[in-house]
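Participant: The whole structure should be built from the sequences, with the hints applied where relevant.
Protein chains: 4
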Amino acid sequence: MKIGIIGAGRIGRVHAQNISVYLPELEIKTIADPFMSDELKAFAKRLGIPNCVEDADAILRDKEIEAVLICSSTDTHSKYIIQAARAGKHIFCEKPIDYDLNRVREAIQAAVDAGVKLQIGFCRRFDHNHRAVYDLVRSGRVGNPQMVKISSRDPSPPPVEYVKISGGIFYDMMIHDFDMARFLMSSEVVEVYAQGSVLIDPAIGEAGDVDTAMVTLKFENGALGYIDNSRQAVYGYDQRVEVFGSAGCAQNENDLPNTASLHAAEGTFCEPTYEIMFERYTFAFVNEIRAFAEAVLGDKETPVTGMDGLYPVQMAAAATKSLKEGRPVKISEVG
Amino acid sequence: MKIGIIGAGRIGRVHAQNISVYLPELEIKTIADPFMSDELKAFAKRLGIPNCVEDADAILRDKEIEAVLICSSTDTHSKYIIQAARAGKHIFCEKPIDYDLNRVREAIQAAVDAGVKLQIGFCRRFDHNHRAVYDLVRSGRVGNPQMVKISSRDPSPPPVEYVKISGGIFYDMMIHDFDMARFLMSSEVVEVYAQGSVLIDPAIGEAGDVDTAMVTLKFENGALGYIDNSRQAVYGYDQRVEVFGSAGCAQNENDLPNTASLHAAEGTFCEPTYEIMFERYTFAFVNEIRAFAEAVLGDKETPVTGMDGLYPVQMAAAATKSLKEGRPVKISEVG
Amino acid sequence: MKIGIIGAGRIGRVHAQNISVYLPELEIKTIADPFMSDELKAFAKRLGIPNCVEDADAILRDKEIEAVLICSSTDTHSKYIIQAARAGKHIFCEKPIDYDLNRVREAIQAAVDAGVKLQIGFCRRFDHNHRAVYDLVRSGRVGNPQMVKISSRDPSPPPVEYVKISGGIFYDMMIHDFDMARFLMSSEVVEVYAQGSVLIDPAIGEAGDVDTAMVTLKFENGALGYIDNSRQAVYGYDQRVEVFGSAGCAQNENDLPNTASLHAAEGTFCEPTYEIMFERYTFAFVNEIRAFAEAVLGDKETPVTGMDGLYPVQMAAAATKSLKEGRPVKISEVG
Amino acid sequence: MKIGIIGAGRIGRVHAQNISVYLPELEIKTIADPFMSDELKAFAKRLGIPNCVEDADAILRDKEIEAVLICSSTDTHSKYIIQAARAGKHIFCEKPIDYDLNRVREAIQAAVDAGVKLQIGFCRRFDHNHRAVYDLVRSGRVGNPQMVKISSRDPSPPPVEYVKISGGIFYDMMIHDFDMARFLMSSEVVEVYAQGSVLIDPAIGEAGDVDTAMVTLKFENGALGYIDNSRQAVYGYDQRVEVFGSAGCAQNENDLPNTASLHAAEGTFCEPTYEIMFERYTFAFVNEIRAFAEAVLGDKETPVTGMDGLYPVQMAAAATKSLKEGRPVKISEVG
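Residue numbers (my numbering), protein chains in the order written: chain A, 544 to 878; chain B, 544 to 878; chain C, 544 to 878; chain D, 544 to 878.
What the hints contain is simulated information worked out from the structure, not anything from laboratory work. Be careful, since some hints might not be right.
[What the hints assert, rightly or not] Once the Cα atoms are required to be at most 25 Å apart in a straight line, the calculated SDA-like pairs of lysine to any residue come out as: (1) C:K588 x B:R556; (2) C:K588 x B:N594; (3) C:K588 x B:E763; (4) B:K588 x C:C595; (5) A:K572 x D:I708; (6) D:K867 x C:E731; (7) C:K584 x B:E763; (8) B:K867 x A:E876; (9) C:K873 x D:K873; (10) D:K843 x D:E582; (11) D:K873 x C:E731; (12) A:K864 x B:N594; (13) A:K867 x B:E763; (14) A:K588 x D:D605; (15) C:K572 x B:P593; (16) B:K572 x C:Q560; (17) C:K864 x D:R870.
These figures come from a predicted structure and were not determined experimentally.
Facilitator: Right, here's the structure in full:
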């Protein structure tokens, strides 16, 4: 199956490389990016990608291309989803679809109307550690899930300039965890309560955001949920989930770069965890594109549907409102 | 130093045994319990305790006895504290002092007025795992604490008859965690938000309580806190704490009965954790009485003061109110 | 059952204390030690032991005393075993019975002739971690055992004066591991090959011993074994065993004083393991005396028989010879 | 730098893929394999390798090609090393160079005479877990190394037909561990003692080999070493090393596919370790070729020299002799 990639930034290139090595069933025909460079052309050549263009239209108009990966900036996601859907192409789109709930719904509808597959890039669902917890829950070994707990902390805060346009910690960072909570529990969230503080960098507060947040969730089925985020875990990515249920508790630990330990007079020492997202989630990126290819080629539902792209944005909206108003907010309040 | 023990139930006997083996600086002169039995007399004889009586007055009136351990039922705690204080005896009292905030304050005041030491039995402060996290925080290696997370789950729910008189999950079970949160963070909680569900036994719900609860905390210094409780972790006591700060994250894991693992074709297997509180917290009970002895004999402040007995009861009151009203509740609202 | 304790050094007192707290079925009537002191008398009084004497004969002649614990110096073990057996008393004796194989056999025979129980103090068989591996092997979950590996390292070397009279590292230290190897594999060793070096303290070499040793074992059933010893593990007691078989691998890890960890920018840190044998093996000492009491009171075979006391001494003799001659030595060569 | 790959079996293809994705500084010009197929041609095309030929001469004669990867069968290694050296090409050669010590020396000499780099494919030196232990040792945090212990167990035995031509367990399997022992200790082995048994498959014994082996090592500097191998660890690859020294103990644990655990009433469960070598050592293969490229491009010594290829073969010869003769064998005895 021939595909096109719209957007050749960091994530677009990661997908291109992974496809070239691990996914022989896909052939990248064209990669499009408005910021063309010799270096990008060399990258494309090395991976055997025949066309390297500035304008995404070259992909959207190409009858041979059956599927597109939308890896451009967030503000263009919904536009390209709608255009690709109308051109009859299956769509993998990086998260989030949009910050505006109506734009999200419009994009989803376009894919539905066109009868094309749509998968959203919530890559953590495909991470070996998180997937293993999910599999344990699905296998029934946890019994009836009663609580979900998620810790998700970044090694260091983004530049304040980025924070300002990021939509805030709930849209930018916790959105992954909102998705993870739904994914692990297979139940919808009906209410959120958000706490937040500025404990790391006052400039983040001045930009109108918080850098430390805790959110509790109520699920439709009575189960309870908890998420914490910090913009700065000095020991590296801290990514852990736990599902507690009537028959047991499934949890995972941080990935460490190696299993070595030193036992010395002062105690036991191990290396810190990963600092770089693309190292931490190396195979999650491969696995999500593989799953997309399988869904398209096997004509199955994608494992992260358009609606899966909508719910976390609703939760982010509710958390933002909750933090502002200092009270629990129902999902139904945010429309 | 000669001491008396009021109440010879399970916990009173544990203290008696521990003192006899591990704390040669203390000599138990009298043990009092209204439910006298030959078996209790044999127990006392075996430990070399010369007097075994029904009436606590024998202890309170005995000039030789310098300190008492109040291990009777909760509804008698404040009464005995006041009487012992007036009799000039130092006091170790099991938690909680009382469910009524005014009774708590009265008891504390009596000890202050009499100039006697008062220590409350929040034994988890003396647990090797929790103390080790505390020590890491105190050492500064965590930096400025920003979040505290506590999971505290029991192996199985108490009888519903007990639940009915327990004061509810926040007074009966989470009170330990409210104390732990303050202890680990060295800051006071100003607001709590409680969620709860009946997911384990409908009879608990019929008794007006929940069996699964999550509470988030706001501290005076802006730090955030989280506690979860379940009445039933089928894998045994689940007791973990985590303090996250600007320089690192200190956490502990459940105690396992041994370090053995089996690696087989189906995977790796380890034994479940403890089922019995007195096994899980064996040495915590020894350590808290040792600390009490040191405070009295060395004329130092006790490590868990009367006020440390008050705050968690306030937090329990606020959590109860929050759950009922579905909104965050300030500590100042509960008086 | 009334018992007597011969020898009130460190280990004799540990047994006395444990019996007083944990083993109500035993009553210590007399404790005997040639080095009498006020401090020892106070110790006995505190534990409610009525008689504290210098001469072990007071125990051996006492008709009321049914069992003795021999906790005196090694050179007196076989003598007291023989005397106690002739006096019709059941015997718990600290390891080793003797360094001389004939003396060992003589003592065992005396117990057999008298029809009394004899248990040797290989306490590690009762350690929670080692016992858990043993239980996994016995349960069949390891399948047919093919290899056993034992690491046993002390926190620091004993004084050189002690090394000189210790019989050497194989008799003094590895004897525990020789017992453990037989225990875990339920098969007899037929050949040993020993390597040794002086890497820690040249004075140990000058005293004719080594401080670092590796021994490989061949078992009757074709299985292979390995043991290493070091006199100095700066990180504390290092006590690990592993049994590998056709269906899996059972292993244990060092006991740590707590489960806390600190995750910081430099990496993860945990506390070092135990430095003091009596902390590391706290409950092993309780469990072995409980097992002895059960064997005597229930008229069952003791879990560590006289013959279990003989084999490790043979293995130590063979290892000593192997190291000296630089070749594998058959157990049958040492008589 | 343009390179050629001789041999397009499993390992040759792994190197080709890794170079194409991860090592942009290398360009594969030609891949040669006597067993040509359409499938191999498609593989080459996909990776952008322009030439796919049957005869390695096409590589050896190509002036543009500066370095070769010899991934053909072991019996051709020394021949191709000599030919490539004479053609002035830098050489990466899979292990072992040859089973015959003279052939090994001849090949090494050819590379020396031609002034070309020679690196041997002991990939485990580049594994994240083993490298981390090595780094800890090199950093001095272990102090003076006194013992090295290596466990290396395969998930399942190779076909007996392969065992017959493999040279035996010491040449085929333990050779990696002989290399690892030298690597970790930075000292040469002077004597080995080998034990072996047939415990897994009698057919392996009939083929003249053992399936379970333990070897102890003496190093020049007095340190001691230990290696065990099993052809069948039902729980997957078991690859652990430990270096014990005067200042501490560095060790690693098996890689697990994920960090998830399930805590249930029966105990804690984790997934088994890897079953497939290429998954277990994914990045070790990348890292060793990267190191080779750095050595050639930076004109530095290769991290695994020709002599590093010789010593493990000597150790295998000594172990084979030791097992046969039932006695320790000096390396100097095998020439």
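Participant: Each hint should be assessed against the structure and marked as holding or not.
Facilitator: Outcome of the hint check:
no., hint, in the structure
1, C:K588 x B:R556, "21 Å, holds"
2, C:K588 x B:N594, "17 Å, holds"
3, C:K588 x B:E763, "53 Å, violated"
4, B:K588 x C:C595, "20 Å, holds"
5, A:K572 x D:I708, "47 Å, violated"
6, D:K867 x C:E731, "23 Å, holds"
7, C:K584 x B:E763, "56 Å, violated"
8, B:K867 x A:E876, "21 Å, holds"
9, C:K873 x D:K873, "21 Å, holds"
10, D:K843 x D:E582, "37 Å, violated"
11, D:K873 x C:E731, "29 Å, violated"
12, A:K864 x B:N594, "64 Å, violated"
13, A:K867 x B:E763, "19 Å, holds"
14, A:K588 x D:D605, "24 Å, holds"
15, C:K572 x B:P593, "19 Å, holds"
16, B:K572 x C:Q560, "20 Å, holds"
17, C:K864 x D:R870, "14 Å, holds"
Hint violations for this structure: numbers 3, 5, 7, 10, 11 and 12, all remaining hints satisfied.
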